[in-house]
Amino acid sequence: MRAVLNTGRNISQGIAVEHKGSPAYQAAVSVCHMNPVDLMELGIDEGEHVTLTSRAGSVVLTTRAAESMNRGEVFVPLGPYANHIISAETHATGMPDFKAEPVDVVPTDESVRTVWELMESIGGVRYDH
Amino acid sequence: MRVILETKERKKPFLPIEAETIIPSNFLKGPELTVYEGNKERLLSDLFTIVVEGTAVSPDKVEVVLKGDTARIKRVGEYMATGTIRIQGDIGMHCGNFMSGGVIEIGGNADAWLGREMLGGSIICHGNAGHYCASGYRGEKHGMRGGRVEVMGNAGDFCSEYLTGGEVHIHGNCGDMAGVEMKGGQLIIEGDATRPCGNMKDGMCMIFGTVHRILPTFEKIDTKKLPDRNVTVTVYKGDVANRGKGTLMIQKPHNEGDQHPANTLPGPATT
Amino acid sequence: MIIKDVVCPFCGCLCDDLDVEVDGQKIIKVQNGCTLAEATLTGNNRLPAPIRRTANGWEEISYDDAIRETADILCAADRPLLYGWSSTHGEAQSIGVHIAELIGAVIDNTSVVCHGPSILAIQEVGHPGCTLGQVKNRADVIVYWGCNPTEAHPRHMSRYTTFATGFFVPEAQKDRTVIVVDTRRTESAEIADEFIRIERGGDYEVLSALRAIVRGKGSILPREIAGVAREQLFRVAEICMKAKFGAIFFGLGLTMSNGKYKNVRNAIELTDELNRHTKFTISPLRGHGNVYGSNEVFTWITGYPYAVDFARGIAFYNPGETTAVDILRWGECDAALIVASDPGAHFPHAAAAHLAKIPTILIDPHRTATTPLCRLQIPCTMAGIDAEGTAYRMDGVPIRYKKLIESLYPDDADLLRRIHDRIREVQGA
Amino acid sequence: MTELLVKNACVIDPLNRILMEVMDIPVRDGRIVESVSAGADIIDAKGCLTLPGGIDSHSHVCGTKVNFGRYMSPEDMRAGRTARRGKMHVTSGYYVPTTYGNSYRYSAMGYTTVLEGAMAPLEARHTHEEFTATPHQDMLANTLFDGNWAIMEAVRAKDVKKAAAIVAWTLSAVKGYSIKLTNPGGTEAWGWGEDVSSIHDAVPNFNVTPAEIITTMIEANELLHLPHSVHLHCNNLGKPGNYRTTLETFDLVPDTNNGRQTLYATHVQFHAYGGTTWRDISSKAEEIARAVNAKPQIVMDMGQIMFGRTMTMTADGPMEFNLYCLHHNKWSNHDVELETGSGIIPVLYSKKSLVNCVMWAIGLELALLTKNPFQCLLETDNPNGAPFVKYPEIIGLLMSKRYRDEECATLVDGTEQRTAICALDREMDWNEIAIMTRAGQAKALGIAAEGKGHFSKGAEADIAIYPIRCRDVDPATEYRKVIEAFRKTMYTIKRGRVVAREGDIIVEGANSTFWVNPVVPDDLNVANDPEFVKKFEEYYTVRMGNYPVQDVYLPRGKCIRTKAAL
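Chains as they are written, first to last, in this note's numbering: chain U, 5 to 133; chain V, 19 to 289; chain S, 9 to 437; chain X, 8 to 573.
Extracted from the complex, chain U is given alone in its bound form (with noise of 0.2 Å):
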């Protein structure tokens, strides 16, 4: 399915902001919020997985049904899951384009990496003492 990637703040990835190795972190921000019947098209229940991919990369990400959502958007929370698919084009302004990233959205079995494992993913070095 072709959507359109919406990112923001939400209540759950604020309380958890300075918690970034944290499951409740990774919960918070792991998640694709999507209209119902988008679900239904796909052909998936609410917790199964999605790989979102678009121009920049591709993320596995945990789907929860959202009324609120419009048919053919998406929504994840601002953090590490939402920027491996954002694009660092910011067309000159500084901002790339965190609430209009073009992402094709396919089913997958594929685990949600955790954070740390993203952050390897681009060259980091995980610390957990």
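FYI, nobody ran anything at the bench for these hints, they're computed from the structure.
A couple of the hints might just be wrong.
Listed next, the in silico EDC-like pairs over lysine to aspartate or glutamate satisfying Cα-Cα at most 16 Å (straight line) [what the hints assert, rightly or not]:
id : chain 1 : residue 1 : chain 2 : residue 2
1  : X       : Lys541    : S       : Asp25
2  : X       : Lys302    : X       : Asp262
3  : S       : Lys252    : X       : Glu201
4  : V       : Lys30     : S       : Asp429
5  : X       : Lys94     : S       : Asp429
6  : X       : Lys94     : S       : Glu109
7  : V       : Lys29     : S       : Glu109
Sample of chain S residues with no beta-carbon within 12 Å of chain V, all distances over it, derived [said to hold, decoys possible]:
id : residue
8  : Asp25
9  : Gln33
10 : Arg60
11 : Asp73
12 : Val222
13 : Arg426
14 : Arg430
We treat Cβ as the ideally placed atom computed from N, Cα and C, and that holds for glycine.
Starting from the known structure of chain U, fit chains V, S and X onto it as the hints suggest.
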């Protein structure tokens, strides 16, 4: 006189070079100029192999040729008043800023802010131009005021923002919001455009490709045949959200079934 | 011990009416705050000591070594980037700017991925704004555009707008009309008297249409604008023009979607237009507690609110070129100092990845997503918890953070001052 | 102990009636003394003009709206950029420069003390932060009370003591120096997009008039024994015909203080317009000057405009909106709850505009027609009329009829008919300029007693040595030399330390901030008044406990305590 500058290999090739000293008139006194690489001042000869052919008595007879990896070289031709600069490949940001005369020819792509606040002279870019082609400076109320910019390929977003005078001719497509805040001059787009001329106050924009999402505040006033092109265009006045007296002529207005603009954007020239 | 009138450092509301109970070095209870305040003040995920990444993994090092190494890295760089600054106090921000001018760095703050576009818009058309108390005491029409205060600024409505009792609006909710404009039906939209649902990316068009209506040119509008019925816009324009005092608040829905600052500019020009009929103000809902402070401090020292490039000795400003995301994305910088922010989590990965390729130093109290990317992390106090200092609320009101508990961490202003002085030593040598 | 001897100084010190006397000035530990030891550092002034450090008694350089002027003007930052050099930080900007830019340029011109013209109490912390970053001048803050709700309630209740008590609490809480009224009542009306149009209009919802606010505050000011008088930006700024409002306002002012004026009327040029519209605007400088000449209780400053681009910024929000509607450039506005407002727009004063030419003439007329230079001080309401770097040109204009005639010849036709500028022959002398740029300010602000604006023994050693020998120069003809000399001192000495040499800053600054703490009896302390506290907590959006500016913001604060007669 011809001055040929060919880039040398650099340890940190991604560091931007700021080279507003590269304008024809500066070479009359010899090639001992300096440029900035990051926060370090360097001799031109540290970064370029310099070959000077012939002599000149006045700057208009000086031609500067740039070769090699020139995509990160910024501000070439800034404040240039006369003479010629030819760039074989791509060129970095702010090429031809504030230029008032002379010619810049770019063989490849130009990065953002090509011909920013230009006053006169002409720029020809054979590849694509980045965002803010022929536009203004942050906070400044006047963009390009005179001269001519011609881009054979596409231009990015905010092309000709605040255009106040002169002519901009894009042969390919423009990104989002070409001609936004336009208050004079002429913008011609042969290809497609999205949301052109928002908040336009004056000036004229003609678009011959498909126009996505014409703003609701442009008033359709006429259709008109352009004899030199043998096409009929729809004429709009706008932007009535403002005190707009601008003219927008579109050959192919198209508002239905639009794609999202993010999907239709040309990439920036040097991505 | 209970400390009264505590300032919450989380978001730009800077609520200053919290009661916090502390026991020695621990915060036990937070009253009056929202859930975000409570999580911020009671959370504990501090990095115990400075750490350095080596070929064999991480090792703890001393503060002295960390400071020396930081200064050396910054002095050796040809294009250092100093980024972050929004979660610390003005005193640290100010030293940061002085470090940037010393070493010819680019210094940028988190507004670049927040309300940077709003700043660009203000630089084109200005900003008719006011302090939040004006809205609280006077506003009978409140517009929330492209923002969701219920989740991002949970007490904004109860302290300053919709639910707040004001001098001229004694019956808060009854006396005020609330308009919410968004692309999705957020929780904030649920309490609106009028909800305008716009097609994604259509804000600019809708704002232009409203301006045309207020100017008396609405007749040329098509029946529908970006998914919104023309009639609804006429109705909303009427409500606004009849307001005694209207206040627009906008969020990242305008700054992050297509058109970026042009959306904000259009909203400001709508406000200008409305001022010809009645009183109207517009204000960005600023995110980080002290992000506005970083704009203020940068501005009085350098003339620019963010994205300042000192490479040439003078201050140069050009968002899109001198902004952090762009510099990282082009791989321009060869060293980075990140202070009080988390680009690892909040920048597109193509930009964040560059931090792992260059020597990056992180000054931050917490283990963050930037930690794995950095070469060196130096933990410090957290402004508003174990350090005091100045912060600027989203409306420009300066407030002093209180120090609630004692800790053994150095204040980031002290850390930065030591780095600054060490750089001068190195440069002098 | 540090000692300095300035030798061969050609001193003008109006407060001590010293006029072009060549003498030595001994300095010890920052103060003027009788003599110094043989080991003192020596500066040879070589017979050049030596004045007490310049004092600007009304300038906008620090705080919320000034910084917003910078914030919204990247185009201005392209001008006046200098790199870090020696002890000098980076600077940017021409008409709204960075704090260091302001500080260095003032120092280069020999200015050592500046009063910030408008500080909103709620945002005072910001002003003080910028004071610290304006390191080479001692700073003072005019504190805004024009739309203060508690004050207006006290005025309505005709309770002067209460008004005084509120002022006392607020000044000491926010570390302010003096009472500023900007368009009194009008800034509150602007909270609803309205304004007041005369001093007898009622302020919406408060049932008080500007006249009542002004007279009550003058009384309160004197009851508190504040060093400065009420500092007033009259109603109706910038409106044709407003001179009537100004004259009516002047008529309200009693003469109750022997030591100084009881009203300081600021940027009076903007308040001296005749006519009814922009089309028939004319100068009423003569009427205004006549009133001031007859009223020793009033001191005004010029509010001179100079041609070129600049930024207007004032607490007078409605005025700025009107200007915006004329210019259609950018407009910022910032209303401050329960206190005041502010607006900012860029302007271009052009010689092609008759209105601008008339404005230019009015400022000069005011100065030339005011008999006593202590009653008309030199300033531009920086940056509203022009950036302060234009002061030397204004000095040139005041000292040379020829220069004025040359300038007048370049103005648009009609200026001569609308103003009297061409007919005025007065040429000011060196002493008068010294009064209009330091001695007058020191007296009007009430800081002569703090050792400012003169060279008495014990005074602060703020000294400006200008590269000009006044006995050898005829300002009337050689005004270019005068202008050049006032642009850049040979030495600017602040508290005994050379801070600037030929325009270069050579030390890190260490200024002081003067503030006033009027001591009132406990029963009048509003902090103990439950009604005041209740309203504060209900209607402000910061807690009363978080409102006062902590001492840490004034690392070198100098508190002036006064005992109120309450």
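Hint check results:
This hinted pair checks out: X/Lys541 and S/Asp25 have alpha carbons roughly 15 Å apart, not beyond 16 Å. As the CA atoms of X/Lys302 and X/Asp262 are separated by approximately 8 Å, the hinted pair is consistent with the 16 Å bound. In summary, the hint linking S/Lys252 to X/Glu201 is supported, as the alpha carbons are separated by about 11 Å, within the 16 Å threshold. Of the supplied pair hints, the one linking V/Lys30 and S/Asp429 is violated, its CA atoms being roughly 28 Å apart against a limit of 16 Å.
Taking the CA atoms of X/Lys94 and S/Asp429, the gap is near 14 Å; set against the 16 Å cutoff, the hint holds. Straight-line distance between C-alpha atoms of X/Lys94 and S/Glu109 comes to about 12 Å, which keeps the hinted pair within the 16 Å bound. Proposed proximity of V/Lys29 and S/Glu109 is contradicted: the alpha carbons are some 25 Å apart, above 16 Å. Look at S/Asp25: its CB is around 37 Å from the nearest CB on chain V, clear of 12 Å, so calling it non-interface holds up.
At roughly 42 Å, the least C-beta separation between S/Gln33 and chain V is larger than 12 Å, which holds for a residue marked as non-interface. For S/Arg60, the shortest C-beta to C-beta distance to chain V comes to about 23 Å, beyond the 12 Å cut-off, and the non-interface label holds. Non-interface call for S/Asp73 relative to chain V: holds, since the shortest CB-CB distance, roughly 26 Å, exceeds 12 Å. Annotated as non-interface, S/Val222 brings its C-beta within 12 Å of a C-beta of chain V; the closest such distance is 9 Å.
Every CB of chain V is more than 12 Å from the CB of S/Arg426 (nearest about 22 Å), matching its label as outside the interface. Every Cβ of chain V is farther than 12 Å from the Cβ of S/Arg430; the closest lies at roughly 18 Å, confirming the non-interface assignment.
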